[in-house]
Amino acid sequence: MTLFIEQCLNGLQFGLLLFMLAAGLTLVFGIMDLVNLAHGSLYMVGAYFAATFTAFTGSFVLGAVLALLATLLVGMVVEVVAMRRLYGRDHLDHVLGTFGLILFFNESVRLIWGPAGLALPLPAWLQQPISILGFQYSAYKFSIIVVSLIVAGGLYALVMRTRIGMLIRAGASNREMVGALGVNIKLLYTLVFGLGAALAGLAGLMQAPILTVQIGMGENILILAFVITVIGGIGSIRGALVAALLVGFIDTLGRSYLPDMLREVLSPAAASTLAPALSSMLIYLLMAIVLIVKPEGLFSAGQR
Amino acid sequence: MPPLTFRNVLVAVLLIALVLLPVYSHLAGDRFALTLFTRIVIMALAAVSLNLILGFGGMMSFGHAVYLGIGGYAVGALANEGVYSGFVQWPVVILASALFALVIGALSLRTRGVYFIMITLAFAQMAYYIFAGIARYGGDDGLTIYKRSQFVDPLNLSNKTQFYYVCLTILFAAIYLVYRLINSRFGMVLQGVRSNEVRMRAVGFPTYRYKLTAFVIAGVLCGLSGALLANQADFVSPSVMYWTRSGDLIIMVVLGGMGTVVGPVMGAIALLVLEEVLSGFTEYWQIILGPLLLLVVLFARGGIDGLLGMLSERFPARRPS
Chain A
28 MTLFIEQCLN GLQFGLLLFM LAAGLTLVFG IMDLVNLAHG SLYMVGAYFA
78 ATFTAFTGSF VLGAVLALLA TLLVGMVVEV VAMRRLYGRD HLDHVLGTFG
128 LILFFNESVR LIWGPAGLAL PLPAWLQQPI SILGFQYSAY KFSIIVVSLI
178 VAGGLYALVM RTRIGMLIRA GASNREMVGA LGVNIKLLYT LVFGLGAALA
228 GLAGLMQAPI LTVQIGMGEN ILILAFVITV IGGIGSIRGA LVAALLVGFI
278 DTLGRSYLPD MLREVLSPAA ASTLAPALSS MLIYLLMAIV LIVKPEGLFS
328 AGQR
Chain B
37 MPPLTFRNVL VAVLLIALVL LPVYSHLAGD RFALTLFTRI VIMALAAVSL
87 NLILGFGGMM SFGHAVYLGI GGYAVGALAN EGVYSGFVQW PVVILASALF
137 ALVIGALSLR TRGVYFIMIT LAFAQMAYYI FAGIARYGGD DGLTIYKRSQ
187 FVDPLNLSNK TQFYYVCLTI LFAAIYLVYR LINSRFGMVL QGVRSNEVRM
237 RAVGFPTYRY KLTAFVIAGV LCGLSGALLA NQADFVSPSV MYWTRSGDLI
287 IMVVLGGMGT VVGPVMGAIA LLVLEEVLSG FTEYWQIILG PLLLLVVLFA
337 RGGIDGLLGM LSERFPARRP S
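Chains as they are written, first to last, in the working numbering: chain A, 28 to 331; chain B, 37 to 357.
These are computed hints drawn from the structure, not numbers from a lab. Hints are supplied without guarantee of correctness; some may be wrong.
What the hints assert, rightly or not - Here are a few chain A residues that face chain B, going by a calculated C-beta distance under 10 Å:
#1 R112
#2 D117
#3 H118
#4 L130
#5 F131
#6 S135
#7 I250
#8 T256
#9 V257
#10 L301
#11 P303
#12 L305
#13 M308
#14 I310
#15 A315
For every residue, glycine included, the Cβ atom is placed at its ideal position computed from N, Cα and C.
Excised from the complex, chain A in its bound form (with noise of 0.2 Å):
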């Protein structure tokens, strides 16, 4: 039982994770209609800031702060040299584009900080565990999911409570008009990719101490998060938080729980070779199911 309600957490932690990308990537795609693969590449990027700062200034909160910063940075000059250039393109041009810029950013990290993945030592504090309702959990798993429900609430803030969010809903459900009211799309533009890659950034970051700083660790969790983008519907936050929770459970359950489920109706052997194939389809096969059921997600944003 401990250990169920142990890896309902993970799953928890995870799923929030992936909302933060898929917050990003949605609302990039909501608003501008453009594909990002480059967004795995913010995420790395906001993971090798992290271990940077982090070992510059020997504090990691100061450092995750900067990390943050910097990944907004990027985010925003990545907007201004290449992005803009690419809406109102067709999507095929997006993913080329962007496909370029995963490249780009893949190389530059190895030219700048080396082949080799780095570390991201976690502080004292958050290492040991900690105990809720009476059992142990690691506390920095805990904070990953503390952190990601205070943005994801600041977010819906955000977006549905404050000018900036009027305007960014106005911009998705029609660009032109919103800018016929004199409002400066450009810049309102950069400031939502730039919103994006701080959102990729801290996912970057927050997952660094779980796993090592690596090229190429931005790569996977896009496919998930561009997953729970479709699986939620294009264009809505609130389908991508579902979606990003329903991935989470599911892919750490099934990792879990799956193995022993098979052995009960296959044989130890076929079980062996069949569990780990089947539980990193799974949320494929989930995708691929809403796709077929309902073809615009489940929270399809705009009737556009």
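The hints should help you fit chain B onto chain A, whose structure is shown.
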């Protein structure tokens, strides 16, 4: 007879150069050129197949590399079980990729736009994880193929020159097939769907069936390319169907010129030769390739074929009175 424009002359020269390449390789003793161009010809076949659905059908598949894996594993798995005859292997390759394309296509073609991009990607990733999980065929580490596909004497795929000509023949046959297809009624409908699917359906064409047929044909051609690739490398691993490989195929098609018959061939040559040249120049060659791609997307929409077309217009051929 096509008009004698700069582009068409260049294409003809290119195709002749491909035919004569082994001669050069033997005379100059440049064995590497033959290996490189065998690979280029095989990838060009994959790009030609993707171009049929992407360039002519407007279906933006981001999982096309999956057939490279299906074709490769069909050869690899049969060889692993002791079946080396190409007369068994290759029909299995064709059947397996056709079946796979039929299933993926039937499900994916219900969606469109970004959803289509993502669902094809998801199916390819699914296949990637399946093959990475099959321990019998090497799992993650891939599968070594100890004997190439066997055909009747004197055809011997282990002979590099013969193998090159087999690949080239299949490539030319595929180009001819695509050329005939797109100029047929079927191809006209397909291109009509690319321009305006709603209108085509209103006119009364069952567009879904046309798209699915094109999807399956493209899958089979790419499966063959995968079988050749596995034969060339004597090895197949799940990494041939990783999503970045699908990205490479899209780059080849767009770089060469989407929706033109020989564009993808030029794209494959350009990308792989560029990789070779840049990687000789610096270890960090992708730092140049990445921005280059972005520039192509931003400023050279028609790809290489488009550039050649522009040159042809600037230097128009003199028409025979």
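Going through the hints against the structure:
Interface restraint check: A/R112 against chain B, minimum CB-CB distance 5 Å, threshold 10 Å, status holds. Hint status for A/D117 relative to chain B: holds, with the closest Cβ pair at about 9 Å, below 10 Å. Among the interface hints, the one on A/H118 holds; its C-beta lies about 6 Å from the nearest C-beta in chain B, closer than the 10 Å criterion. Annotation: interface hint on A/L130 holds; nearest CB of chain B at approximately 3 Å, less than 10 Å.
Look at A/F131: its Cβ gets to within about 3 Å of chain B, closer than 10 Å, so that hint holds up. Interface hint at A/S135: satisfied, since its Cβ lies 6 Å from the closest Cβ of chain B, which is below the 10 Å cut-off. Annotation: interface hint on A/I250 holds; nearest CB of chain B at approximately 6 Å, less than 10 Å. Checking A/T256 against chain B by beta carbon gives a least distance of about 8 Å; that is within 10 Å, so the hint holds.
Taken as an interface hint, A/V257 checks out: its beta carbon lies about 4 Å from the nearest beta carbon of chain B, inside 10 Å. Of the supplied interface hints, the one on A/L301 holds, with its beta-carbon coming within about 7 Å of a beta-carbon of chain B, less than 10 Å. At a threshold of 10 Å, the smallest CB-CB gap from A/P303 to chain B is about 5 Å, leaving the interface hint in force. Using the Cβ-Cβ criterion of 10 Å, the hint placing A/L305 at the interface with chain B is satisfied: the shortest such distance is roughly 8 Å.
At its closest, the beta carbon of A/M308 sits 5 Å from a beta carbon of chain B; the interface hint therefore holds under the 10 Å criterion. For A/I310, the suggested interface contact is upheld, since its CB lies about 9 Å from the closest CB of chain B, less than 10 Å. At about 6 Å, the closest approach between the beta carbon of A/A315 and any beta carbon in chain B falls short of 10 Å, and the interface hint on this residue holds.
No hint from the list above goes unmet by this structure.
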